[in-house]
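Engineer: Let's have the full structure, built from the sequences with the hints guiding it.
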Amino acid sequence: MPEGQQPILELQGITKSFGGVEALRGVDFALYSGEIHGLVGENGAGKSTLMKIIAGVHTEFSGHFLVDGQERHFHSARDAHAAGIAMVHQELSVAPDLTVAENVFLGNQPINRFGLVQWRRMAREAGEQLARFGIDVDPMARLGDLPIGLQQLIEIARVLFSGARIVILDEPTSALSPPEVERLFATLKRLRQGGAAIVFISHFIEDILRVSDTVTVFRNGRKVAETASAATSKGALIEAMIGRGGEALEHSYTDDLMLPRPSDSSVILKVDQLSLARSLREVSFEARAGEVLGIYGFMGCGQQELSRILFGKLKPDGGTLAVEGTPKSFASTAAARRAGVALVPESRRDMLFHQEPVYKNISISILDRISSLLLKPARERDIAKRQVEQLQIRPPVVGLDLGMLSGGNQQKVALAKWLTYPPKLLVLCEPTRGMDVGAKNDVINIVRNLRARGLAIIVLSTEPETVLSLADRILVLKRGALVREFKNEPVSKDRLLEAA
Amino acid sequence: MSSETALATGRRARGFAPFLRSQMRNIAPFLTLIFLTAFFAFASPSFATLDNLGNILTQVSVTGIIAVGLTFVILCAEIDLSIASIANVTGIAVAYFTLQESYVNIANVPLPGVVAIILSILLCALLGLVNALGLTVIGIPSFIMTLAMMQIAAGISALLVRGQIAYKVPSLITTLGSGSIGGIPWIVIVAALMLLGGHLVLTYTRFGRYVYMVGGNREAAEYSGLNVKLILGAVMVISAVCSGIGGMLGVAHFGSAQQNEFDTYLLDSIAAVVVGGTSLFGGRGGIGNTIVGLFVLGVLNNGLDHVNIDSFLKILIRGLILLAALVINVYAQRLREKAAE
Ligand SMILES: Nc1ncnc2c1ncn2[C@@H]1O[C@H](COP(=O)(O)OP(=O)(O)OP(=O)(O)O)[C@@H](O)[C@H]1O
Ligand SMILES: [Mg+2]
Numbered sequence: 001m002p003e004g005q006q007p008i009l010e011l012q013g014i015t016k017s018f019g020g021v022e023a024l025r026g027v028d029f030a031l032y033s034g035e036i037h038g039l040v041g042e043n044g045a046g047k048s049t050l051m052k053i054i055a056g057v058h059t060e061f062s063g064h065f066l067v068d069g070q071e072r073h074f075h076s077a078r079d080a081h082a083a084g085i086a087m088v089h090q091e092l093s094v095a096p097d098l099t100v101a102e103n104v105f106l107g108n109q110p111i112n113r114f115g116l117v118q119w120r121r122m123a124r125e126a127g128e129q130l131a132r133f134g135i136d137v138d139p140m141a142r143l144g145d146l147p148i149g150l151q152q153l154i155e156i157a158r159v160l161f162s163g164a165r166i167v168i169l170d171e172p173t174s175a176l177s178p179p180e181v182e183r184l185f186a187t188l189k190r191l192r193q194g195g196a197a198i199v200f201i202s203h204f205i206e207d208i209l210r211v212s213d214t215v216t217v218f219r220n221g222r223k224v225a226e227t228a229s230a231a232t233s234k235g236a237l238i239e240a241m242i243g244r245g246g247e248a249l250e251h252s253y254t255d256d257l258m259l260p261r262p263s264d265s266s267v268i269l270k271v272d273q274l275s276l277a278r279s280l281r282e283v284s285f286e287a288r289a290g291e292v293l294g295i296y297g298f299m300g301c302g303q304q305e306l307s308r309i310l311f312g313k314l315k316p317d318g319g320t321l322a323v324e325g326t327p328k329s330f331a332s333t334a335a336a337r338r339a340g341v342a343l344v345p346e347s348r349r350d351m352l353f354h355q356e357p358v359y360k361n362i363s364i365s366i367l368d369r370i371s372s373l374l375l376k377p378a379r380e381r382d383i384a385k386r387q388v389e390q391l392q393i394r395p396p397v398v399g400l401d402l403g404m405l406s407g408g409n410q411q412k413v414a415l416a417k418w419l420t421y422p423p424k425l426l427v428l429c430e431p432t433r434g435m436d437v438g439a440k441n442d443v444i445n446i447v448r449n450l451r452a453r454g455l456a457i458i459v460l461s462t463e464p465e466t467v468l469s470l471a472d473r474i475l476v477l478k479r480g481a482l483v484r485e486f487k488n489e490p491v492s493k494d495r496l497l498e499a500a
Numbered sequence: 501m502s503s504e505t506a507l508a509t510g511r512r513a514r515g516f517a518p519f520l521r522s523q524m525r526n527i528a529p530f531l532t533l534i535f536l537t538a539f540f541a542f543a544s545p546s547f548a549t550l551d552n553l554g555n556i557l558t559q560v561s562v563t564g565i566i567a568v569g570l571t572f573v574i575l576c577a578e579i580d581l582s583i584a585s586i587a588n589v590t591g592i593a594v595a596y597f598t599l600q601e602s603y604v605n606i607a608n609v610p611l612p613g614v615v616a617i618i619l620s621i622l623l624c625a626l627l628g629l630v631n632a633l634g635l636t637v638i639g640i641p642s643f644i645m646t647l648a649m650m651q652i653a654a655g656i657s658a659l660l661v662r663g664q665i666a667y668k669v670p671s672l673i674t675t676l677g678s679g680s681i682g683g684i685p686w687i688v689i690v691a692a693l694m695l696l697g698g699h700l701v702l703t704y705t706r707f708g709r710y711v712y713m714v715g716g717n718r719e720a721a722e723y724s725g726l727n728v729k730l731i732l733g734a735v736m737v738i739s740a741v742c743s744g745i746g747g748m749l750g751v752a753h754f755g756s757a758q759q760n761e762f763d764t765y766l767l768d769s770i771a772a773v774v775v776g777g778t779s780l781f782g783g784r785g786g787i788g789n790t791i792v793g794l795f796v797l798g799v800l801n802n803g804l805d806h807v808n809i810d811s812f813l814k815i816l817i818r819g820l821i822l823l824a825a826l827v828i829n830v831y832a833q834r835l836r837e838k839a840a841e
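Note that the protein sequences, when read in sequence, are chains U and Y.
The numbering of the first sequence is the numbering used here, which starts it at 1 and goes up by one.
The numbering of the second sequence is the numbering used here, which starts it at 501 and goes up by one.
Because the hints were derived from the structure by calculation, they are not lab data.
Check each hint, because a few of them may be wrong.
Unchecked claim - PhoX-like mimics (lysine-lysine), calculated; alpha carbons at most 25 Å apart, straight line:
1. U/Lys328 to Y/Lys729
2. Y/Lys814 to U/Lys313
3. U/Lys315 to Y/Lys729
Since we're looking at a predicted model, the values are computed, not measured.
Structural biologist: Written out as structure tokens, the structure is:
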């Protein structure tokens with residue numbers, strides 16, 4: 001913390017409750033210009049809530065809020081924006097139906113003197129801005145048609161280049177590939193040099209330690225530690241986060257890990273010569289019962305498309321699928337589900353109902369198994385309660401609207417949907433994205449459990465750690481083609497990155 | 501753990517104001533109804549009578565029957581503009597299959613009453629199926645698809661009656677449409693039963709849950725492995741069949757079957773559903789809302805007849821009330837989102 005300097009932003013004794021639940025209890029937080037401030041804490045610790053207060057999203061709270069030493073009260077995100085505060089939210093908040101350029105300029109499109117939008121200028125400037133950030137994309141493309149990671153990059157770029165003095169990034173790297181993360185960090189450092197204050201939330205503690213100057217740890221709505229990054233360690237931070245020793249929870253996977261001998265159990269899924277225009281090229285593999293197959297690749301390598309094809313959401317241009325030896329061409333997701341395939345997509349917004357209670361979210365995909373004509377709400381709640389307990393979803397109240405859970409807990413609900421009646425094949429895209437160390441460990445245990453019960457599991461991820469911590473066999477996907485298979489051999493983060 | 505118990509006790513713990521805000525969509529229509537009722541009761545001594553309540557109920561019955569199906573459609577975030585046309589063509593069809601008096605100049609095909617009714621219901625179900633296929637298989641937006649169907653159904657009506665008026669319908673339809681039992685019109689009973697049925701289906705059946713979930717987030721419904729197209733298709737057929745039943749009873753109620761007889765029912769039905777507070781964005785609302793909406797419209801239409809008012813001004817007033825309801829509908833969505841923030 002720079003001595004004697006006045007904080008650009010200072011919060012004192014912030015308390016925020018949602019109805020009966022206190023999400024923040026008396027939090028003090030100061031931010032200085034020219035610093036990158038890391039924020040860590042378990043799922044539901046209150047990180048996003050505090051940032052949303054700063055960004056003018058939550059306007060009702062108690063405590064003092066000072067910008068440049070002046071007491072302020074924002075009534076909306078627009079007020080915050082006017083004060084030079086911009087935020088990348090944990091949940092992607094882009095406008096999928098608008099073009100890339102419109103998204104970059106959201107709210108302040110260049111307008112000529114007749115009040116008309118200057119399309120050409122907007123497209124050119126958007127293209128330039130994105131290129132500065134290393135993003136090569138057609139500014140006139142519809143944003144929703146791009147892969148989710150690219151959408152996230154574009155949103156980050158928009159906020160970084162909005163000219164804000166205070167930039168808040170809530171888990172910005174979760175969908176980025178390593179080179180993109182590097183580019184992001186370089187940009188953050190440049191902004192810091194320019195005097196911006198940056199808040200950076202992440203569950204990747206190494207990243208936090210590497211890029212930030214100060215780290216603040218949240219637990220249960222309270223600030224439990226604040227130190228200079230140089231003066232702390234990963235273990236110490238994890239311990240502060242969860243209140244017990246964390247060494248055992250996090251591997252770094254820099255050393256070689258020995259993959260087991262491939263199992264010769266029955267083949268659940270056989271994929272042959274699968275192709276999809278510009279996304280997948282003659283992809284063939286098998287997934288076996290009781291085996292976790294990891295598919296690793298950079299963002300945009302075709303993982304997303306592959307997972308959608310397996311679940312009947314996308315139609316391949318060529319190639320065949322067979323489940324337990326029976327050829328399938330899924331006409332719908334319903335057909336895939338009936339054939340015993342389940343998918344958890346990387347974006348939870350896609351598979352959750354934010355305005356519905358948790359139990360309806362969990363029961364929706366198994367309603368036909370637990371009720372015929374009439375609903376059985378008591379049964380639904382029981383089932384949901386069991387899942388909530390097993391996955392330690394917080395708060396453990398199945399009647400709460402899903403939108404009131406923290407990001408990581410929502411992710412757990414997405415997984416819980418498929419666990420009551422396990423499918424034959426479970427496809428998980430980025431299963432640990434947005435989860436804290438403890439929750440990641442829980443997911444690892446759940447997946448191992450399911451494997452022991454004989455499921456075939458496919459884990460697709462752009463994080464080497466996720467694949468390494470879960471998979472028995474690893475395929476590397478590169479620009480739509482499988483380029484390498486790791487089995488029965490040593491593998492490490494570096495080897496994976498090299499192959500991709 | 502006190503925070504958890506507070507949560508467990510549910511929404512009350514979240515304070516009264518947020519609760520009110522989140523319930524805006526249900527409260528506003530109800531307040532409107534109370535306000536209108538009080539206003540007309542005060543303005544006209546003939547309004548607040550038991551007789552007149554009977555009138556209002558009878559007047560909203562046909563709209564109510566049609567609105568049952570439309571509620572399903574709007575809950576799915578779709579729209580059906582063909583309801584009035586389908587009601588009309590079904591009413592005409594049932595007359596077409598009934599022996600008319602000799603002075604009615606229609607080349608009709610007399611069949612036994614039950615057969616005529618079954619054929620007519622098949623006809624409207626078929627038209628609904630065409631809507632369903634256009635929406636789900638071809639992928640035409642429901643707004644456009646049902647706009648085309650509105651024309652198609654009107655065309656079939658025109659071909660069947662050729663500008664004439666038919667009077668006779670099967671006796672069962674005559675009874676249900678214009679008879680009464682113990683002083684209560686059958687048509688009111690049918691409307692009440694259909695509304696009740698719709699409510700039970702939406703609240704207590706698996707299909708009803710699917711309707712809400714598909715309306716709430718279609719993408720998520722698909723990722724949950726629901727057969728979204730099947731649900732949307734079913735909803736379009738339900739809407740057409742409800743319209744058809746409304747059309748048959750309506751013809752009996754009016755005493756004649758002719759072209760363009762139901763034109764006002766399109767707006768009335770949509771208004772009833774939306775004024776009642778069912779969200780145009782899908783996933784929120786229900787038959788309870790539709791019933792309140794029906795009463796708002798019924799009280800308004802009937803009340804305006806009781807006070808001395810320029811009948812052309814009435815049209816404008818109805819339009820303004822509808823606009824106000826739409827504004828509330830859209831705001832209720834925002835307030836809800838805000839309350840959930
Ligand atoms: N809109 C809301 N309504 C009710 N409760 C909420 C709401 N938003 C957050 N909460 C609750 O506040 C607490 C803190 O949530 P927050 O989103 O700040 O967590 P987080 O630290 O960002 O977690 P994550 O790492 O999972 O994103 C959680 O218990 C959450 O359930
Ligand atoms: Mg968060």
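Engineer: Now look at each hint and say whether the structure bears it out.
Structural biologist: A quick look at each hint next to the structure:
| no. | hint | in the structure |
| --- | --- | --- |
| 1 | U/Lys328 to Y/Lys729 | holds (20 Å) |
| 2 | Y/Lys814 to U/Lys313 | violated (51 Å) |
| 3 | U/Lys315 to Y/Lys729 | holds (16 Å) |
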